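These are the residues of each chain, in order.
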Amino acid sequence: MRNKLSRFAIPYVVWMALFVVAPIIMVVIYAFTSANGGFTLANFARMGTYGVVFVRSFKLALIATAICLLIGYPVSYMLSKEGDRFQRIAMVLIMLPMWMNFLLRTYSWMSILENNGLLNQFFQKIGVIAAYNSIFGTNIKYFHMIGTPGAVVLGMVYNYLPFMILPIYSVIIKLDHSLLEAARDLGANTFNVFRRVILPLSLPGVLSGITMVFVPAVSTFAISQMLGGGTQMLLGDLIEQQYMGGAYNPHLGAAISLVMMIIVVVCMWVMNRFGEGEEQAVML
Amino acid sequence: MSKELIRLQNVCMAFDDELVLDHLNLYFNDKEFLTLLGPSGCGKTTTLRIIGGFATPTSGDVLFDGVRINDVPPYQRQINTVFQKYALFPRLDVFENVAFGLRMQKRPDPNNPKKMVKIPEKEIEQRVMEMLEVVSLKGFERRKPEALSGGQQQRVAIARALVNRPKVLLLDEPLAALDLKLRKDMQIELKRIQQQVGITFIYVTHDQEEALTMSDTVVVMDQGTIQQIGTPEDIYNEPKNAFVADFIGESNIIDGIMVKDKVVKMYGKEFPCLDGGFAENEPVDVVIRPEDIDIVPVEQGQLIGTVTSVTFKGMQYDIIVDFRGFKWLIQTTDHCPEGSRIGIKIDPDGFHIMKKSQYSGMFGDYSSFSEEYDELDDASLTLDEEESGDAE
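Protein chains in written order, with this note's numbering: chain A, 1 to 284; chain B, 1 to 392.
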């Protein structure tokens, strides 16, 4: 049956067609054509040389997602047990960095992590570096932090942590309190209430948190450029180079995008299989 | 008489300086079906939560079998609860919901009493199936709660609590969400289950009919205090004050004076009654149930009034009759048209005399008939909101 209101969806359908479906089709076309317009698989064949970038991207994104989960879940859980006022303030504090420009946030991490950055200056002041040198017999002036995979992961965790906390928190906070009481009533101690009731019921939040962190993390390019110091090239950087950089080759860029997209979709699909049924609605 | 199992001693409960329970003293016998009855906010659910261990009283003691259990957590009490909205675990099927409590349990190994072991799977299965049989849900083991009707979910919740073989089952308005027909069936079903398993049921409701149908003992509460404790018959026939009389069934409550034993005076007229033991000329509240009033021709009437409204109720007519400005509810099978003058006659056993109380004058007048009557009819809409703020 056609709903009379359905015509209000027309602008959205047009928007989706123009800016979502059409670009994907163009990506597919570009990926399978060469510079002169003929069909080719050469773009995919060339990608083999970038295997290391693929592996690094997925590895760093996975590590960042895991760290976000390890931090985000306990934070969400403990937060949900606090008083209303505390929860509101804490939520604002968690969101606060997101109100600042993304590049600005990442730049400030640069100045913190640099060889002569705030953190190293601090370490020098309190004698951590001298102590390190005397213990390990080295003669370093600073800890090398910027330009390492760790710095990139740190940038990802810092930027995407709220996306992990928010969905988990909002699921936990909405849990029916009587379920927890029922579990306690039936003999479950605090640990079992968590393991048997809270954890399984908060899984949808966890899945959507993982999705919301992993997807942007795997395709980021600004973080790796700024905090990776050019040594930690990720898929995002690689694709950017094909469009903006000297290596101009939109066909290769499209092919890489396509492969990355397929891998991500497959990952998400597999993951959501764990959550069965109702949780699929949560996936983005 | 059976032995006492739970005792509340001088229990007080305050939320944010608001006294919800005021020095409650109450005991519960083994194997009895006891109902805490009262309007929203009377403290009945709080009382239940204190017994269940979900709330700790501000002062006073909770004794179980003579032992103080104020600080014993819910999972260590031999008490289980059926929650108002059932609180079934949505991801577990019926079998696993019922088995939950058993899987949580550990007990001494029969071969090695120092070792604690889980209940073996075979026993769990046997006990769960047994319980599903008791609540007539065999064949539903693998259904998820969402695929069950309200009444079936209710049965699962009962089975889940009973499978742990508690000594006491607490039920917090368990029928409030069911429709009228199902509610009536479940009332009988609950009573049957209680008799079959032979344990104490403590039942909380604001529905007086539910309380009267199922209970051995009814405790009427208001404003955190107990108004009356008794069998359903006592509570109905011998209400202690105007609140109880009004809350349990319909009552006309009229100001009167007890001239002497067995003679009460109202409307300036003396009526024979069966009550006594009051001081001479003591002001009293006179309760007359709507069904105890006979309609007679005007010339034979003890009192004469004018019919102001007639409502057809199926089995009887509810008519409102104005006696010199005070309106009575009378239930009769005779049709009396609106505006007609009628006489009434009340037998001596139709009068119930109560001492004056803080509730005198607050109830029993049907001047605002329509609104009050509507409210009483759909009690299920007024769910308890008294405890929303005391989680944890």
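Incorrect hints may appear among the rest.
To be verified - Below, a list of computed lysine-lysine pairs in the BS3-like style, where the Cα atoms sit at most 25 angstroms apart:
no., chain 1, residue 1, chain 2, residue 2
1, A, Lys174, B, Lys144
2, B, Lys313, B, Lys345
3, B, Lys327, B, Lys240
4, B, Lys138, B, Lys114
5, B, Lys106, B, Lys118
6, B, Lys106, A, Lys174
7, B, Lys122, B, Lys106
8, B, Lys3, B, Lys122
9, A, Lys81, B, Lys327
Keep in mind the hints are simulated off the structure, nothing from the lab. Model, not experiment: these values are computed from the prediction.
Hints versus structure:
1. A:Lys174 / B:Lys144: 21 angstroms, holds
2. B:Lys313 / B:Lys345: Given pair lysine 313 of chain B, lysine 345 of chain B holds - Cα atoms ~22 angstroms apart, limit 25 angstroms.
3. B:Lys327 / B:Lys240: With a Cα-Cα distance of about 22 angstroms, the restraint between lysine 327 of chain B and lysine 240 of chain B holds, given a limit of 25 angstroms.
4. B:Lys138 / B:Lys114: Distance ~37 angstroms between lysine 138 of chain B and lysine 114 of chain B Cα, so the pair is violated.
5. B:Lys106 / B:Lys118: 5 angstroms, holds
6. B:Lys106 / A:Lys174: 31 angstroms, violated
7. B:Lys122 / B:Lys106: Judged against 25 angstroms, a Cα distance of about 15 angstroms means the pair holds.
8. B:Lys3 / B:Lys122: This hinted pair is violated, its Cα atoms lying about 34 angstroms apart.
9. A:Lys81 / B:Lys327: Not satisfied, since the Cα-Cα distance of roughly 54 angstroms exceeds 25 angstroms.
Consistency note: the structure conflicts with the earlier hints numbered 4, 6, 8, 9.
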